[in-house]
Each structure stands twice: as structure tokens, then as C-alpha cells.
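Based on the sequences and whatever the hints tell you, model everything.
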Amino acid sequence: MDSTRRSFLKILGVTAAGLTVRPSVEALAMGVKPKGAAPFDNALTAKRWAMAVDVGKFTGETRKAAIEACNKAHNIPHYENHLHEIKWIWEEGYKHTFPGQENEHLPAEIAREPFLVLCNQCVNPPCVRVCPTQATFQRPDGIVMMDYHRCIGCRFCMAGCPYGSRSFNWFDPRQQASLKDAEGNFSPPNPEFPSRTKGVVEKCNFCAERLAKGQMPACVEACKNNELIFGDLDDHESEVSKALRKHFTIRRKPELGTQPQIYYII
Amino acid sequence: MKIYDLGKVTVGLVIFFLVFTFPLYYNMGKATPPPEPNIQTEAIAAMSEPVCVENTEYMRANHMKLLNEWRTSVVRNSNRAYPAFTGVRYEMSLSNTCMECHSNKEKFCDSCHNYAGVSPYCWECHLQPKEMK
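Top line first, the protein sequences correspond to chains E and D. Numbering-wise, the first sequence is residues 1 to 266 according to my numbering. Numbering-wise, the second sequence is residues 1 to 133 according to my numbering.
What you were told as hints is all true, and nothing was included just to trick you.
Here are the simulated PhoX-like cross-link-like pairs (lysine-lysine), alpha carbons at most 25 Å apart as the crow flies:
# : chain 1 : residue 1 : chain 2 : residue 2
1 : E       : LYS224    : E       : LYS57
2 : E       : LYS198    : D       : LYS105
3 : E       : LYS72     : E       : LYS57
4 : E       : LYS57     : E       : LYS242
5 : E       : LYS35     : D       : LYS65
6 : D       : LYS105    : E       : LYS180
Just so you know, the hints here were simulated from the structure itself, not pulled from any lab data.
In C-alpha cells form, the structure reads like this:
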């Protein structure tokens, strides 16, 4: 065969390129696992999770019970200084819950009693839009989730959220007295749920980890009298859909267009 | 060719060589033995045949990739059940599944991680068994 330097180099090049095929295919194939990962069979699923808060049914004790259940389920530390506090679900007065609607003559119980507020799991979540790392994202079922692994603690989401539903960890939660036992060791109330670390933002996740195991959110479970109605708004027959058809409800700051998914039955 | 100050240069070279190779002969015969991750825990002893979610070779080489993919699957895609090679489905959870069997973090995880000089920051958030008692 009449071989030239040019054709020899061509063959050499093709051969070298061919040798890289197998390692790169293998490297890509590594990413295929976990193959067959799926939700558990008993997981609660929905197209649009939402919650109705039956304000009239609440008492001071039931509000406390709901907050306490959430704090325990998610190992949320207690801070005396309100500038440092971590809030997933908490009490807020009428004028901060529904600003701009402080009519002069309100029923006494509305003006006096606090409301339970939590992350509104907005349909158009501003926190998701501003997050530079996509640590906060929206699941197809509407839950606005956080991936704490990705959070860089920039707090854009806290500036973006119109409801104050997000809290920043100024300190290591594990060092807080409320999460320590008598001997001073870190002892979380719920050993199955991780703690957070200093420098990340956190918020209510609609108990995504409990829904995945077929359980209702901790606050909903703590309210024995159906004070909190949780379910799928896409399902016409769900309890929350029925409640919204039956009662007049208001939402927090609807004029902002975030489409909050927490409805207050007044 | 003439080398100036040959004596001084030679002495200098010898000293340099001795200092440069110091770590070699200082550590001679004192090599750290390779780690042996300990799997002697109650949960593993209770199994008729100890099995993990994948076979040992795969886990040894790829557990970090597996955990990364588990995280993405759980947090991003809500897929929390992992079909192991045995067909059993496990919850994809470091604290609740891995550490359930490997409850001896110091003798299992840390033995290799310390040897290899890696310090994964899983435990700043995820609970380790000692804290779960």
C-alpha cells in the first residue's frame, strides 16, 4: 500500500479518538444510577398541595400545639433574640398577616387573636426567581422546596419573600441550648430529620419528608379538630377543595400576584 | 571543564540530597497500614447474609457518587425508594438507612476517610449514630 505521512496521521488520529469512546461511555453510564428509584407506594401525591386555615376553630393551645409539632419534627432551635429566630410556622397579628385590610371596626376576636402563618407555597414564588443557585425550587406538586446542599446563604430569597417565611441560620443550630440534652450534647427531638448548618436559609417544606411516607404534615396532624385542612386543590373532592367551595377565604397579600396556597377561612 | 569550589559544591549536594530524601528514610518501615472498615455492628450481625444496597466492590468505589445521586433523587425528584440489587427497596437516606446498619461511624466511615485525608461535611447537618442514641 502506498502510505503517505498524511494518511498515516489520519489513521492515528481516528484510532486515538476511538480509544476514548469506551472510557467516556463508561463515565457517562456511571450517572445512570440510581436506576429505578421511585416514590414509596404509600406516598401522598397531588398536583397542587394547599392548606386552609380555619381561623375560628383555633385556640391559643391548638396554635401552640401546631407550632410545637413542627419545631419537633424539623429540629428547629429556639432563640430568645427574635432577630435570630427560625420560623417555619408561627403566630402573627392581624395587621401583619393581612396588611392593608385593617378596617377600623373589626370583630374583637379578629383584631385580638393571632393567626397561624407559614410559607405560602406560592404558585409564583419570588424566592425561586431570585435564588442564584437554584437551591430553592418548585416541585411539580407546588411545594417550594429547599436544597440545603446548594444554599450559599446569600439571603436573596429572604428579601424576595413578601411573607417573611424564611429564616437565616446566624448560628450553628446544634449549639443551641434548646436542641441539647442535660449533658450538653446535641440531641435532636426528631433523629430522622437532619439539622441545618450555620449560613443557610430555611423554611417550611409542607412536610415533604412526611408526605413521602404517607403521613400528613406535622402541624395538620397536631390539630385534632380539622383546624388545618390540607390536600390537593386539583382534586375536586379533596377536603381542602370542599372547604374552599363552602367557605369564603382570604389570602395574604394576594395583590402581589404570588398566588399563595394558604387560605384563611375567616 | 573546571568546576570551582568542587569540595564545597559536593558537600552542599550531599547535604541537599540527605535533607531532600529525609521523609523517605525517616518513615521507612513505618507505613500506615491500609484501613479495614469495620462492619461488626448489631444490625449487620443480625443479617443471615450481610448485604448492602449494592455489592461491596461497587460501594467501595462509588458510595460517594451513589450518595450524591440519592440526594438529587430525593430532594429534586421526590424519588425516595431505591431498589437494591437484591430487589429489596430501601429508603434513600444516609442517616436513616446507611447508618442504621453502619452505626459505627468511627470504625467504618472515618477509618478510610482519615486514611485518605478526606473530610466530607455530611455530618454538619445529617445526624450521626452517636447523636441518635
